[in-house]
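Number of protein chains: 2
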Amino acid sequence: MKYADMTVRELEEVLRTEKARYAEYKSMGLNYDMTRGKPSLEQLALSDKMMNAEYFNGGRTYSGTDCRNYGGLEGIPEIRELFASIFGVPPSQVIAGGNSSLNIMYDLVSAFMLLGTGKGALPWTAQTDRLLSGEISFICPVPGYDRHFAITERLGIKMINVDISEDGPDMDRIEKLVKSDAGIKGMWSVPKYSNPTGVVYSDEVIERLARMKCAADDFRIFWDDAYSVHMLEGEPAKQKNLINACAEAGNPDRAYVFASTSKMTYPGAGVAAVASSASNIEWLKHIYTIQTIGPNKINQLVHANFLKDYDNLIIHMKKHADIMRPKFQCVADVLKEELGDSGVLSWSEPKGGYFISADTVYGCASQVVAMSRECGVLFTKAGSTYPYGKDPENKNIRIAPSLPPVEELRTAIHVFAVCVKICSAEILLAKKQK
Amino acid sequence: MKYADMTVRELEEVLRTEKARYAEYKSMGLNYDMTRGKPSLEQLALSDKMMNAEYFNGGRTYSGTDCRNYGGLEGIPEIRELFASIFGVPPSQVIAGGNSSLNIMYDLVSAFMLLGTGKGALPWTAQTDRLLSGEISFICPVPGYDRHFAITERLGIKMINVDISEDGPDMDRIEKLVKSDAGIKGMWSVPKYSNPTGVVYSDEVIERLARMKCAADDFRIFWDDAYSVHMLEGEPAKQKNLINACAEAGNPDRAYVFASTSKMTYPGAGVAAVASSASNIEWLKHIYTIQTIGPNKINQLVHANFLKDYDNLIIHMKKHADIMRPKFQCVADVLKEELGDSGVLSWSEPKGGYFISADTVYGCASQVVAMSRECGVLFTKAGSTYPYGKDPENKNIRIAPSLPPVEELRTAIHVFAVCVKICSAEILLAKKQK
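For the record, the sequence lines run as chains A and B. Residue 79 is where the first sequence starts when you use our numbering, and the numbers rise one by one after that. Residue 79 is where the second sequence starts when you use our numbering, and the numbers rise one by one after that.
The following block holds chain A by itself, in its conformation from the complex (with noise of 0.2 angstroms):
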């Protein structure tokens, strides 16, 4: 039965029911850590082996480079390669880098900061007198990834949330804001299998993000592909390729494209990498050549050799969606069963990701989060998937169920469905009974 439907003496024996549950609950001492999008040990175990001589290989690569001496700025070709059939692109525009897809994002809105977007292009810092705003600015679609906003809110750059649907963000708002102000200067995004709602851009969004006209000719796309091969079943969704869109349009430098094997092999070990036009390219070497001796070739070898190629790299995503289904599956099982009727909660049932996203139907996103706490299960912070952490609606709960083992998400999951009843029904009765 929807809660909007029910009497003040229903919602009542809601409140007396679940508040029995919840005290339950909170005497079991519960410890359950769902904060971030951290693999479990059985995803980790998948890549034990990639520690291995076999992989080492003498610290050669078979192209023949030393990865054991200093050089190469790229990356080491047979990486490149691995990250270029993923990103679907030539490897001469695909840079390997360090352990973190965010490190390369935060250096490179820095750079652009300091040094601008290319050769001749004034530093975004340089460009607030002239700007009618006066601001640099970034969209970003709502909800989004907490540490895409922290790099734009530490750099000084104001932040502009635009909603996001099933098919991805509201387009016909960011054409219209990117048209009239010249300070806005980049967007964020996670386009397949979004952080956290799950949703895949559909192919009309990117051409449009790739054809729109701009004011600001130093505007850049941040798309992180985070999840790209990270499907919870099947094969990974297709998506249209957004550099090349771009190349077509006849924007071709307007998007950089990340990823990492963080979710793949060890996260925090992994290697990351940034795809783009070929002049950007250019200019990241311009950027890294000062900025570091190189990537940490080793690291790359290692994982050139265990992950091999993108038909192997899939066989070995499988293992993770076959570890990662039954957690989604308990998720989507336990919320409908708690909440399918009661009309307070709504929630993504992704095909993808590391996450489900939750909206509180009756604006309780930080009760619910401070409850669960209180009773030992911990979700991210509410509103940190917002710009500043502020959910304008106070709605946005950001579920990660990779690290705990399904029993203990299950219980978890009906700690959070018993506190979103609870606040829900707590609103909906001071609101009657006003």
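Certain hints may be false.
Note that the list lumps identical chains together, so a pair holds whenever it fits in one copy or between two copies.
[What the hints assert, rightly or not] Taking lysine-lysine and the DSS-like style, the derived pairs with C-alpha atoms no more than 27 angstroms apart in a straight line are:
(1) LYS459 to LYS363
(2) LYS509 to LYS363
(3) LYS316 to LYS236
(4) LYS468 to LYS363
(5) LYS510 to LYS363
(6) LYS512 to LYS363
(7) LYS80 to LYS510
(8) LYS397 to LYS429
(9) LYS512 to LYS257
(10) LYS509 to LYS429
(11) LYS236 to LYS197
(12) LYS197 to LYS459
(13) LYS318 to LYS459
(14) LYS510 to LYS397
(15) LYS468 to LYS197
(16) LYS429 to LYS459
(17) LYS316 to LYS468
Worth flagging that the hints you see were computed from the coordinates, not collected in a lab. No experiment lies behind these values; they were computed from the predicted model shown.
Got chain A sorted already, so can you dock chain B onto it with the hints?
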């Protein structure tokens, strides 16, 4: 015989002899690269046991961290302890990062430009308007490390040359400079077995650096202790600890000290680290927590397990010394034999590090490097040991003897000496014939 004392005829005779030798060397089709301080194959082999199941230890540190998953911004405890023993500070004052100390330095200067040196400090880019000089500057002891100078040049920071002599840079000059100009925000230095001079800064220099009054309260010393344990014989040179000296002098936040295992294990695939005051380490964490998901802990783990502790590290570095010593000896021997009484070249005889610094007395560094190159012997570009690549006297050449085997090195240095003789004799002849 000193060239300066030679008659025209004697100089012509020198030219005839040396040009004949040059032609002979040229006909040999040599191809030697001495441009960078790259360790040799023999040195790399010292660490080939590192990529071993024993050191990987299932991805777990002895303190219990699972290095195969996300988490940990400061590096694993084991590697922080090892670096702490090198830096001579508590592990809490060390952050162990990725594979490149140069990258840490670049990021730090870049962050100071955009974010300032600490909580409440103005970003350097925001200060230029209020500075008398109107610009941000760094003190650069010369000759020095080209890649340091490249960072400051790239980020738009003016560089001020300060000569370096046996006990370090000219402190009278530095004290005068920093006292009067609040735009002088930093100083580069390689304090032990300096690149390229091999100089070990004296304790007095270090104390004066710690004590000196700076007009800028956000003045920072970038102390690149790249060769801290890279002696050629015996034990590493003892040197006063700059971080402690700064603390004692009441300037606790003045120094950042850098090191990496690049020239201990695998260059470019090692672990880099930075040490500073507790409050600066907090500021670094404040930066890193947005910039990155953390360092590659697996690489830190195998390094910590392979290098173990300070005593074991020194045993390991003595093996490097045994390989390096004959190369430095070879250069010294050939230079003495060829040029010992000529008075046209002075050169360093360092006790550690990776370089020999040579000064052509008659300012013909670029000609010597060009002539050597034509003969197939590559030295670092003349001028590159000075800011903006401009050696005001065109005198300094950096010799990097580590990579070639001794026999190749011997030939290369003979070629070098021949070129020095020819260029010097030509200059002297031209003077006499004027």
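For each hint, the structure was consulted:
no., hint, verdict
1, LYS459 to LYS363, "between (37 angstroms within a copy, 20 angstroms between copies)"
2, LYS509 to LYS363, "neither (59 angstroms within a copy, 45 angstroms between copies)"
3, LYS316 to LYS236, "neither (33 angstroms within a copy, 50 angstroms between copies)"
4, LYS468 to LYS363, "between (37 angstroms within a copy, 24 angstroms between copies)"
5, LYS510 to LYS363, "neither (63 angstroms within a copy, 48 angstroms between copies)"
6, LYS512 to LYS363, "neither (63 angstroms within a copy, 48 angstroms between copies)"
7, LYS80 to LYS510, "within (15 angstroms within a copy, 105 angstroms between copies)"
8, LYS397 to LYS429, "within (15 angstroms within a copy, 55 angstroms between copies)"
9, LYS512 to LYS257, "neither (46 angstroms within a copy, 69 angstroms between copies)"
10, LYS509 to LYS429, "neither (37 angstroms within a copy, 81 angstroms between copies)"
11, LYS236 to LYS197, "both (25 angstroms within a copy, 21 angstroms between copies)"
12, LYS197 to LYS459, "between (41 angstroms within a copy, 25 angstroms between copies)"
13, LYS318 to LYS459, "neither (33 angstroms within a copy, 47 angstroms between copies)"
14, LYS510 to LYS397, "neither (50 angstroms within a copy, 81 angstroms between copies)"
15, LYS468 to LYS197, "between (37 angstroms within a copy, 23 angstroms between copies)"
16, LYS429 to LYS459, "within (24 angstroms within a copy, 55 angstroms between copies)"
17, LYS316 to LYS468, "neither (33 angstroms within a copy, 54 angstroms between copies)"
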